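**Student:** Each chain is listed here by its residues.
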Amino acid sequence: MPRRERRNVTGVEEIGAYTLLRVDRGGLDPGVPGQFFMLEAPGRLLPRALSLCLAPAGELAFLLEAVGPGTEAICALRGGDRIHVFGPLGNGFRLDVERPLLVGGGIGMAPLPYLAESLPGAPAVLGFRSERHAEAAVLLPHAEVVVEPTLVTDCYLHGFDVLACGPEPMLRAVGDLCPGAQLAWEAPMACGYGACYGCAVEIDGELKRLCVEGPVLAAA
Amino acid sequence: MRLLNASGCLDALTAPEVARQLDGFVTKTITPLPREGNAPPRIAETAHGMLNAIGLANPGRARFLADVLPQLRDLGVPIWVSVGGFCAADYAETCAALAGVEAIELNLSCPNVDEAADSAAEIVAACRRDTTLPLYAKLSAAHPDVAEVGRAVAAAGADGLSLINTLRGLALHPRTLRPVLARGQGGLSGPSLKPVALATVHACYAATKLPIVGMGGVTTGQDALEFVACGARDVALGTVLFSDPDAPVRVRGELADLDAAEAFAAAHEMSHVHA
Numbered sequence: 000m001p002r003r004e005r006r007n008v009t010g011v012e013e014i015g016a017y018t019l020l021r022v023d024r025g026g027l028d029p030g031v032p033g034q035f036f037m038l039e040a041p042g043r044l045l046p047r048a049l050s051l052c053l054a055p056a057g058e059l060a061f062l063l064e065a066v067g068p069g070t071e072a073i074c075a076l077r078g079g080d081r082i083h084v085f086g087p088l089g090n091g092f093r094l095d096v097e098r099p100l101l102v103g104g105g106i107g108m109a110p111l112p113y114l115a116e117s118l119p120g121a122p123a124v125l126g127f128r129s130e131r132h133a134e135a136a137v138l139l140p141h142a143e144v145v146v147e148p149t150l151v152t153d154c155y156l157h158g159f160d161v162l163a164c165g166p167e168p169m170l171r172a173v174g175d176l177c178p179g180a181q182l183a184w185e186a187p188m189a190c191g192y193g194a195c196y197g198c199a200v201e202i203d204g205e206l207k208r209l210c211v212e213g214p215v216l217a218a219a
Numbered sequence: 000m001r002l003l004n005a006s007g008c009l010d011a012l013t014a015p016e017v018a019r020q021l022d023g024f025v026t027k028t029i030t031p032l033p034r035e036g037n038a039p040p041r042i043a044e045t046a047h048g049m050l051n052a053i054g055l056a057n058p059g060r061a062r063f064l065a066d067v068l069p070q071l072r073d074l075g076v077p078i079w080v081s082v083g084g085f086c087a088a089d090y091a092e093t094c095a096a097l098a099g100v101e102a103i104e105l106n107l108s109c110p111n112v113d114e115a116a117d118s119a120a121e122i123v124a125a126c127r128r129d130t131t132l133p134l135y136a137k138l139s140a141a142h143p144d145v146a147e148v149g150r151a152v153a154a155a156g157a158d159g160l161s162l163i164n165t166l167r168g169l170a171l172h173p174r175t176l177r178p179v180l181a182r183g184q185g186g187l188s189g190p191s192l193k194p195v196a197l198a199t200v201h202a203c204y205a206a207t208k209l210p211i212v213g214m215g216g217v218t219t220g221q222d223a224l225e226f227v228a229c230g231a232r233d234v235a236l237g238t239v240l241f242s243d244p245d246a247p248v249r250v251r252g253e254l255a256d257l258d259a260a261e262a263f264a265a266a267h268e269m270s271h272v273h274a
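Chains as they are written, first to last, in numbering that gives the first Met the number 0: chain A, 0 to 219; chain B, 0 to 274.
Keep in mind that the hints were calculated from the coordinates and are not lab data. Take these hints with a grain of salt, some might be off.
Pairwise CB distance ranges, derived in the manner of DEER restraints [unchecked claim]: (1) Asp245/B - Gly67/A: 25 to 31 angstroms; (2) Arg98/A - Glu35/B: 26 to 32 angstroms; (3) Arg93/A - Pro173/B: 27 to 33 angstroms; (4) Gly99/B - Glu116/A: 49 to 55 angstroms; (5) Glu116/A - Leu169/B: 43 to 49 angstroms; (6) Gly59/B - Arg171/A: 29 to 35 angstroms; (7) Gly67/A - Thr13/B: 42 to 48 angstroms.
Note that the coordinates shown come from a computational prediction; the quantities given were computed from them, not determined experimentally. Think of the CB as a built atom: it goes at the ideal place given N, C-alpha and C, for glycine as much as any other residue.
Can you build the whole structure from these sequences, using the hints too?
**Tutor:** What follows is the structure, encoded as structure tokens:
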């Protein structure tokens with residue numbers, strides 16, 4: 000069940016172009032891989048939606064990229080700071096797959112380390128825009144890593160049950176190549192629990208709320 | 000004082016545990032026909048506020064009455080139905096079909112759709128003919144003389160006012176300098192709206208003495224108390240619900256800590272003094 004608690008930041012470390020934020024877990028359930036949490040962004044009106052990256056004992060860890068004032072405020076947190084954390088929210092990945100392949104693009108690799116714990120031995124492909132961004136692959140040590148201009152869709156994806164997260168063009172391309180792939184999407188969200196109707200995406204020809212219908216959706 | 004949600008800021012069926020914290024649940028605006036709403040992106044954070052251009056996404060009157068309203072009634076929370084439309088008959092037909100709800104809020108002020116051609120008073124008068132349920136008119140503070148609109152809807156039969164709706168605003172992407180929202184403009188909500196909302200509540204209370212549901216940037220118990228001080232009888236939470244689903248319980252606790260009984264007496268006295 001999702002809960003909202005004020006948690007202590009236990010660590011903040013830079014990993015290449017990204018930041019890994021750890022908070023103590025308290026009474027929060029880490030949830031299913033692919034689910035997300037709303038994290039308070041100090042000084043901002045709205046929290047930010049982040050999928051869980053790792054669930055070390057007693058902690059929750061989130062990988063994020065500072066791309067605007069909210070994510071910048073979260074990346075600027077330091078150990079001992081306290082923020083509200085609300086989750087887990089949404090629908091995560093289905094884990095009943097026969098030949099899993101994890102595919103991540105850029106900051107979209109965030110949910111894959113936690114997912115990999117539930118699918119031990121599953122191969123993984125990660126794509127990044129630069130070598131500096133690719134340093135985050137350390138969080139998924141067995142992954143095959145490609146850097147632009149090579150794309151994850153240049154890798155062999157056929158015959159696998161693909162579980163993917165990444166930028167929209169990547170997800171659309173993966174979905175086209177791999178019908179039935181599980182794709183974790185992203186959309187601007189104010190609330191994360193179905194209240195604001197802000198995260199509408201087109202699903203099967205209808206606009207639906209990604210926070211309650213997703214963020215993981217099956218490719219048509 | 001009853002604590003409600005602002006229309007469009009909560010889905011009671013998705014988050015019943017939040018709705019049950021309230022003294023009444025106000026639905027998202029219902030229009031005669033289903034609406035998908037506007038294309039994404041639909042929301043943008045601003046300094047001390049946010050813009051939305053959802054565009055009255057709703058299942059339409061028939062499905063609301065057949066599927067949604069019965070489920071809402073099962074929550075055990077008094078239901079306020081927000082009614083919208085594009086002409087007076089749209090509103091009146093929905094009002095005529097409603098029964099067994101606490102009140103009807105007429106959304107006369109959504110900034111994200113084209114406005115109805117009929118005036119607020121004409122719409123209220125048409126609805127008044129078709130329902131005996133309490134009718135609250137939700138007005139926009141963007142009108143140059145909202146107190147005059149308040150007087151007009153009171154004369155047309157409104158039982159109360161809901162003040163205020165969002166105000167039209169625009170947010171640009173910092174690098175592209177293009178609108179963040181697909182629709183371009185959207186409705187501004189959140190703390191940046193509070194001073195405008197307080198002034199509007201105060202002006203309309205002075206002009207009409209109607210019961211008012213005050214809203215616009217209410218985040219704390221102190222905010223709620225200030226709305227009461229300006230003449231609101233009830234208070235609604237909007238944007239704060241997005242960042243804090245436990246806000247109703249928290250705001251109520253903060254009000255209790257403010258020794259509200261004494262403060263409310265002072266507040267009402269003040270609203271009369273300045274009326």
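**Student:** Does the Cβ pair Asp245/B, Gly67/A satisfy 25 to 31 angstroms?
**Tutor:** Holds, since Asp245/B and Gly67/A (Cβ atoms, about 26 angstroms apart) stay within the stated range.
**Student:** Take a look at whether the Cβ-Cβ distance between Glu116/A and Leu169/B falls inside 43 to 49 angstroms.
**Tutor:** Holds, since Glu116/A and Leu169/B (Cβ atoms, about 45 angstroms apart) stay within the stated range.
**Student:** Lying within 49 to 55 angstroms: is that true of the beta-carbon distance Gly99/B to Glu116/A?
**Tutor:** holds, 51 angstroms
**Student:** Check the following: the C-beta atoms of Gly67/A and Thr13/B are separated by a distance inside 42 to 48 angstroms.
**Tutor:** violated, 27 angstroms
**Student:** Given a hinted range of 29 to 35 angstroms, is it respected by the beta-carbon distance of Gly59/B and Arg171/A?
**Tutor:** holds, 31 angstroms
**Student:** Go ahead and decide if the range 26 to 32 angstroms is satisfied by the Cβ distance of Arg98/A to Glu35/B.
**Tutor:** With a Cβ separation near 37 angstroms, Arg98/A and Glu35/B fall outside 26 to 32 angstroms, so the hint is violated.
**Student:** With 27 to 33 angstroms as the target window, see if Arg93/A and Pro173/B comply at their CB atoms.
**Tutor:** Violated, since Arg93/A and Pro173/B (Cβ atoms, about 38 angstroms apart) do not stay within the stated range.
Checked against the numbered hints given earlier, the structure breaks hints 2, 3, 7 and satisfies all the rest.
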